[in-house]
Amino acid sequence: MKTRRPVLHILRIAGVYAFVMWCILPLAWLVSTSLKSDVDAFSRVPIWFFAPEFGSYVNAWVDGGMGQAMIASATVAIVSSLLGIFAGLPLAYLTTQVWPAEAPGSARFTLGILLLTTVPPVLSLTPFYRTFFGVGLTGNPVGLTIIHTFYAILLAVLIFRSFLVSFPREIREAAMIDGLGEWGALLRTILPNVWGATFATFVLALIQSWNEFLYALLLTSGDSQTVPVTIAGFLSFFGTNWARLTAAGVIGALPIVIFAILVRKHMARGLSFGGVK
Amino acid sequence: MSAPATHQVTVKPDEREIAPPSRSPRGRRPRDILSRASLALPAAIIIVPLLVIIVVQGLQLVTHGENLLRPGSADRFVGFDNVLRAFSDPTLFGSIRVTLIYVFVGVGIEMVLGVAVALALHGRVPGKGILRALILIPMVLTPVVAGLMWRLLLDPTSGFINWFLDTVGIGGHAFLADPATALGTVILVEVWQNTPFVVIIVLAGLESLDPSPFEAAQVDGATGLRLLRHITLPLLVPVLSIVILLRVIDAVKTFAIINTMTKGGPGTSTLAISNYVYRIGFETFDIGYATTVGVLVSLAVLVILFPTTTRLMGLRVRKVRG
Numbered sequence: 001m002k003t004r005r006p007v008l009h010i011l012r013i014a015g016v017y018a019f020v021m022w023c024i025l026p027l028a029w030l031v032s033t034s035l036k037s038d039v040d041a042f043s044r045v046p047i048w049f050f051a052p053e054f055g056s057y058v059n060a061w062v063d064g065g066m067g068q069a070m071i072a073s074a075t076v077a078i079v080s081s082l083l084g085i086f087a088g089l090p091l092a093y094l095t096t097q098v099w100p101a102e103a104p105g106s107a108r109f110t111l112g113i114l115l116l117t118t119v120p121p122v123l124s125l126t127p128f129y130r131t132f133f134g135v136g137l138t139g140n141p142v143g144l145t146i147i148h149t150f151y152a153i154l155l156a157v158l159i160f161r162s163f164l165v166s167f168p169r170e171i172r173e174a175a176m177i178d179g180l181g182e183w184g185a186l187l188r189t190i191l192p193n194v195w196g197a198t199f200a201t202f203v204l205a206l207i208q209s210w211n212e213f214l215y216a217l218l219l220t221s222g223d224s225q226t227v228p229v230t231i232a233g234f235l236s237f238f239g240t241n242w243a244r245l246t247a248a249g250v251i252g253a254l255p256i257v258i259f260a261i262l263v264r265k266h267m268a269r270g271l272s273f274g275g276v277k
Numbered sequence: 001m002s003a004p005a006t007h008q009v010t011v012k013p014d015e016r017e018i019a020p021p022s023r024s025p026r027g028r029r030p031r032d033i034l035s036r037a038s039l040a041l042p043a044a045i046i047i048v049p050l051l052v053i054i055v056v057q058g059l060q061l062v063t064h065g066e067n068l069l070r071p072g073s074a075d076r077f078v079g080f081d082n083v084l085r086a087f088s089d090p091t092l093f094g095s096i097r098v099t100l101i102y103v104f105v106g107v108g109i110e111m112v113l114g115v116a117v118a119l120a121l122h123g124r125v126p127g128k129g130i131l132r133a134l135i136l137i138p139m140v141l142t143p144v145v146a147g148l149m150w151r152l153l154l155d156p157t158s159g160f161i162n163w164f165l166d167t168v169g170i171g172g173h174a175f176l177a178d179p180a181t182a183l184g185t186v187i188l189v190e191v192w193q194n195t196p197f198v199v200i201i202v203l204a205g206l207e208s209l210d211p212s213p214f215e216a217a218q219v220d221g222a223t224g225l226r227l228l229r230h231i232t233l234p235l236l237v238p239v240l241s242i243v244i245l246l247r248v249i250d251a252v253k254t255f256a257i258i259n260t261m262t263k264g265g266p267g268t269s270t271l272a273i274s275n276y277v278y279r280i281g282f283e284t285f286d287i288g289y290a291t292t293v294g295v296l297v298s299l300a301v302l303v304i305l306f307p308t309t310t311r312l313m314g315l316r317v318r319k320v321r322g
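Quick note, the sequences are listed as chains A and B, same order. Under UniProt numbering, the letters of the first sequence match residues 1 to 277, in that order. Under UniProt numbering, the letters of the second sequence match residues 1 to 322, in that order.
No lab work stands behind these hints, which were simulated from the structure alone. Built from N, CA and C at the ideal position, the CB exists for glycine as well. Incorrect hints may have been included.
As the list claims (entries may be wrong) - Computed spacing ranges between beta-carbons, pair by pair:
no.	chain 1	residue 1	chain 2	residue 2	range
1	A	Gly67	B	Gly169	25 to 35 angstroms
2	A	Gly196	B	Asp210	36 to 46 angstroms
3	A	Glu53	B	Ser241	44 to 54 angstroms
4	A	Thr75	B	Ser241	31 to 41 angstroms
5	A	Gly222	B	Lys128	27 to 37 angstroms
6	B	Pro30	A	Arg169	56 to 66 angstroms
7	B	Ile45	A	Leu25	57 to 67 angstroms
8	B	Arg97	A	Leu25	31 to 41 angstroms
9	A	Arg169	B	Phe306	45 to 55 angstroms
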């Protein structure tokens with residue numbers, strides 16, 4: 001909006017900056033606490049000036065098991081995101097290109113995917129736990145990877161669908177006439193046009209998996225604990241060691257924050273499943 | 001049905017030209033059917049077994065009084081006892097109430113604040129690119145870290161917020177230990193974390209609006225609030241509905257923030273539905289009853305939210321056109 005009145009303009013900008021401060025200042029406190037000594041971090045009166053120490057980072061990484069947790073989280077997140085794209089893209093292609101998006105079959109598939117997205121995870125918590133425990137898929141990353149792949153597929157179908165729904169179907173038909181099969185048409189005519197969406201899906205699925213707490217808490221333990229589970233564990237085990245806890249928080253959040261900033265251009269469209277461009 | 005958005009796909013002109021005239025090879029030969037089925041196969045390999053588990057185990061658990069601490073309890077058939085127990089469980093109704101307050105108040109504040117910030121950000125703002133990147137951070141921050149960070153800030157003895165309130169003379173307060181303030185505090189963190197989502201999507205929506213209605217209205221002399229009320233907000237309705245819906249779907253599932261900040265306490269004052277099911281299932285190990293509560297709540301959520309979801313996403317099973 002263009003404002004001609006300078007006072008309003010200044011108020012508007014002050015408002016924006018106030019909001020950004022509200023978003024960022026708590027994080028500044030998190031980072032500064034992680035650089036303090038244990039004693040300073042626990043001080044009644046905030047310590048404003050201190051020589052930064054990285055001891056808590058080493059402590060969290062080595063003794064606290066954050067190194068191990070990062071490996072576990074990265075494995076689960078990368079594998080489930082890639083599988084999600086591999087399974088989601090063909091389904092989105094089937095329901096927008098092979099069948100027109102308005103066909104009853106397509107609509108039914110998509111409704112099913114939406115239904116699974118809407119339903120809260122408490123529905124499947126106990127059934128999955130009981131089954132996975134019974135067949136030895138708890139306490140290692142496999143069970144959690146399966147669950148996260150499931151959610152990555154839902155995400156991938158909805159995002160790819162939003163990109164492909166208006167993609168001209170003639171291109172696929174031309175490819176079929178040229179003798180490519182469905183998979184050939186998908187890989188050679190569709191995929192080159194949706195690299196942006198693929199990257200956005202990958203990163204959003206990665207973030208979703210990295211941050212997921214409920215199933216991770218239930219299905220992993222020991223070496224397979226993911227980052228959120230390990231960080232949450234610090235609270236009960238080390239109680240008030242805020243320096244170590246915040247250092248672990250910074251380590252665990254950093255990769256995801258960097259990733260998100262890298263892909264922020266695709267973020268809005270991916271996040272709203274195509275609700276905005 | 002107005003689909004929430006139209007989509008643009010850039011097609012190279014030459015590709016368009018080589019497309020054949022309308023007739024398409026729509027064979028129904030077995031090979032075609034197989035190759036089409038193979039497109040759905042990778043997704044089906046993951047999704048179908050999980051759905052089977054939900055149905056089979058779900059039925060078993062709901063009708064049995066299984067407790068993981070009592071061997072043999074898995075075989076104790078109880079019929080509808082679990083369901084009847086749920087309908088007379090005051091803690092369940094309490095946690096539904098907590099969840100409803102969390103969703104309505106939390107998402108309500110996120111929408112008002114988020115739309116206001118998006119409107120303020122739309123236009124010339126110094127440092128806009130950096131601001132947009134910074135706003136993103138709370139949204140993608142691991143919820144467990146967000147919860148613990150706020151717990152640190154709110155700590156009654158060493159937290160910044162209580163020190164600040166003491167210093168300015170208002171007096172500190174153990175916000176998370178007082179049943180009267182705990183839920184409000186948890187909602188504050190929900191708002192902190194998720195308002196950026198609203199800002200980012202509404203801002204993208206604002207930027208993709210067609211400028212001509214604005215120009216026309218300005219020629220007619222409309223400015224400021226009138227422009228906002230009669231042009232901007234009505235044009236934003238599709239985007240706003242999608243944002244509300246996605247926030248509600250997500251907020252109903254809340255678990256991590258509450259689990260790390262209060263574990264549902266003090267008492268049951270912040271016990272949202274996910275936290276309650278987790279508590280029944282994996283702290284008292286009463287997994288038969290936990291499943292029952294999960295199923296009932298999920299059905300309620302679907303009945304309330306799903307019709308809206310399908311409408312807003314522009315989806316309905318309908319006849320093929322043409």
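Structure-based check of all given hints:
1. A:Gly67 - B:Gly169: 25 to 35 angstroms: Violated: the Cβ-Cβ distance is about 45 angstroms, outside 25 to 35 angstroms.
2. A:Gly196 - B:Asp210: 36 to 46 angstroms: Violated, since Gly196 (chain A) and Asp210 (chain B) (Cβ atoms, about 23 angstroms apart) do not stay within the stated range.
3. A:Glu53 - B:Ser241: 44 to 54 angstroms: Holds, at about 49 angstroms.
4. A:Thr75 - B:Ser241: 31 to 41 angstroms: holds (38 angstroms)
5. A:Gly222 - B:Lys128: 27 to 37 angstroms: violated (46 angstroms)
6. B:Pro30 - A:Arg169: 56 to 66 angstroms: violated (23 angstroms)
7. B:Ile45 - A:Leu25: 57 to 67 angstroms: violated (46 angstroms)
8. B:Arg97 - A:Leu25: 31 to 41 angstroms: holds (32 angstroms)
9. A:Arg169 - B:Phe306: 45 to 55 angstroms: 29 angstroms Cβ-Cβ, so the 45 to 55 angstroms window is violated.
In this structure, the hints that do not hold are numbers 1, 2, 5, 6, 7 and 9, in rising order.
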